[in-house]
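Enquirer: Chain by chain, the residues run as shown.
There are 2 protein chains.
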Amino acid sequence: MSPTGDGIPFEKPEFSRRLTLVKKEMERREMDTLLISEPSNIYYLTGYEAYSYYVFQMLVVHRDLDEPVWIGRFMDAVSVRRMTHLSEKAIRPYMDEYVQSSERDPVDFLVGQLREICPTLKAIGTETGSFYYTAMTHTKLLGSLPNVRFVDAELLINWIRICKSPAELAIMREAGKISNAMISDAIEAAKPGMRECDLASVIYQRMIAGTSEFGGVLPSSPTYLLTGSRSGEPHAPWSDRLIGRNVPVNVETSGCRRRYHAPISRTIFLGSPPDSYLRLSNAVVEGIEAALAEVKPGVTCAVIERTWQATIARHGFQKEARLGYSIGIGFSPTWGERTASLRSSDLTVLEPGMAFHMMPGLWLGENGVTITQSFIVTETGREDLTTFPRQLIIK
Amino acid sequence: MSPTGDGIPFEKPEFSRRLTLVKKEMERREMDTLLISEPSNIYYLTGYEAYSYYVFQMLVVHRDLDEPVWIGRFMDAVSVRRMTHLSEKAIRPYMDEYVQSSERDPVDFLVGQLREICPTLKAIGTETGSFYYTAMTHTKLLGSLPNVRFVDAELLINWIRICKSPAELAIMREAGKISNAMISDAIEAAKPGMRECDLASVIYQRMIAGTSEFGGVLPSSPTYLLTGSRSGEPHAPWSDRLIGRNVPVNVETSGCRRRYHAPISRTIFLGSPPDSYLRLSNAVVEGIEAALAEVKPGVTCAVIERTWQATIARHGFQKEARLGYSIGIGFSPTWGERTASLRSSDLTVLEPGMAFHMMPGLWLGENGVTITQSFIVTETGREDLTTFPRQLIIK
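Order-wise, the sequence lines are chains Z and A. The opening residue of the first sequence carries number 1 in our numbering; numbering runs sequentially from there. The opening residue of the second sequence carries number 1 in our numbering; numbering runs sequentially from there.
By construction, these hints were calculated from the structure, which means they are not laboratory data. Note that CB positions come from ideal geometry on N, CA and C, so glycine has one too. It cannot be assumed that every hint is accurate.
Stated by the list, open to error - Here are some chain A residues pointing at chain Z (derived, C-beta under 8 angstroms):
1. Gly-5
2. Phe-74
3. Val-99
4. Arg-195
5. Asp-198
6. Pro-222
7. His-235
Same shape as in the complex, but just chain Z:
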């Protein structure tokens, strides 16, 4: 990768390897064509990362074509040329009259292109659960291609993405270094009496500036910064109210580099935590350490989560939500891969190159503690993506 964090993120052979894996799975599922709407999957196969998916775009993979074909808005084609190895014939832009118009539908443009570029068009796979493949697009496609068999390809590429290459892991380590710096800055800045938004701005400043070695870009989820009685609301925004004394400040955030994430959460307690709260945080720390110690190839997601539950149960606690999820490439609205979850019903077996965000948290009434760890599964165990100590921070 270029040292300035731009240019095409991976070499051609890396993209070829990925395309081969996708085509193999297409063959297994008996589809000749695959329509890719999820921006993370388009990025995975091409390197294209411009923020253009709020309008219609699609990447077409056909088993008999050497390269994927990008279909999108004309003004974004210039970014496709710079960011990807695609040849000119694989870049098929539509004009602006198709954008959010009641008169023209870009699906018609797509169908015309499919007929032109696809050697066969018998069975098309679509990502039916993707945020960027709407019910309207699906209905229109079904009606426009009545003799084509539609096959569900939801998460097809996401499950291939779950094992990362060395080149991908190298970028995730860079994201992790930015995450470390963000948490350090947050701890240094946090104090009672400051507005929540001012503390959030310190975190964003570091997130974007990154380190002196490499800069950051915007992650695919917002930072959650929750103080005092709000610490029990996992997805609420901050506001301009003042941070109190003797309250927890929960921060969940992530550095982002070339669309790869390494999330981290920590609780900063401003003041003196009561004993009940310290018992809570001790249970979280003991639980995460026990669960992390289980991580190695061959172990299931379920086993890891059960270890966490068993450990906190000894302290009299239990947690309803899943313990974590697979991470890597992320585009809004989420940095999760939507595949494996660390939960008792998930029998996914860990393999080297997988990466997870383990995010234990416990709440006692309104007050919560959250101490999380992003990690890679290695040949022998795990490698942590962030190095910040796993403990309650008292300030």
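With chain Z fixed as given, assemble chain A onto it according to the hints.
Expert: Just chain A, lined up with the frame of chain Z:
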């Protein structure tokens, strides 16, 4: 609204008025039930703004029920209770086992709830083009409710949202003040030799900290910061490459307050622009002034765009893309409302309370100029949401 930018964003009568408008349109389209998946529309009807839409959630409006019913993940119900006027019986959370699971589908939970809470279930409207109403959800719903008529309700609420109330406009003015401060900070910080990411971090710091009067939150689109030869890529991310000398720096961004936006773009030229570039920027300035002068109730979007085209044509330029779009509430991935566009084919008639981001830009080879204006349509003309001078900034 509470001065600290939290609490329920509007009073009960404001939400009741909105619900009445929606029910009236449901009646006209002969639907008894409306399923709302677009986060902006959920916010519009309830005030709920937590970032939970990356998992399944739905707001159900039934013509015979006094209040909408929220269906979402259990851990977010606590935010619904704080952020909305909804009563406890209108908050219907599902447990975590439904989240991104291959075994359980939250659509089943939704269907169960619909049967329980809806007095009738004959015709259901769905937002078929919403990013958060996937093809998979739609297919499953159709199969689960075979005797129900499905009606397209795409953009139904978006078109109601297009005219803002005084309470909404007050918040948009606050967002505009944050936008002003962001552009001022960017101009002060920009200099040749600095990393793009460091300039972006200055903008983000101000975006989130806001002003001393009111803080900001994260807008629904990223900031676009494009320098030098990249200025022709409208949706590319910044990187850590160094900003050159005698190059344009294009910034497109927005302050955000309570999910309301007031976008702004400016070009900062670092050094001495060549004459050809100054002619470009003069055309943009003349074009935007001519187009803005046309804004008043009764005029169509088309007339405004044609005025812009006619003005720049006198300078020998033309622009393919639309000139702007309706703005207001935004959730990722866009701050546009996806309704009216300032383009020659859009015959939407301007009314008081509408708001737009007019975004003219022109490119000459790789170098572009963009100077934009967010405004409200008033009884007699327009009110600008940002007050930054409409000119090329030379530094």
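Enquirer: All hints, please: hold or fail.
Expert: Verification of the supplied hints:
no., hint, verdict
1, Gly-5, "holds (4 angstroms)"
2, Phe-74, "holds (7 angstroms)"
3, Val-99, "holds (7 angstroms)"
4, Arg-195, "holds (6 angstroms)"
5, Asp-198, "holds (5 angstroms)"
6, Pro-222, "holds (5 angstroms)"
7, His-235, "holds (4 angstroms)"
In this structure, none of the earlier numbered hints is contradicted; all agree with it.
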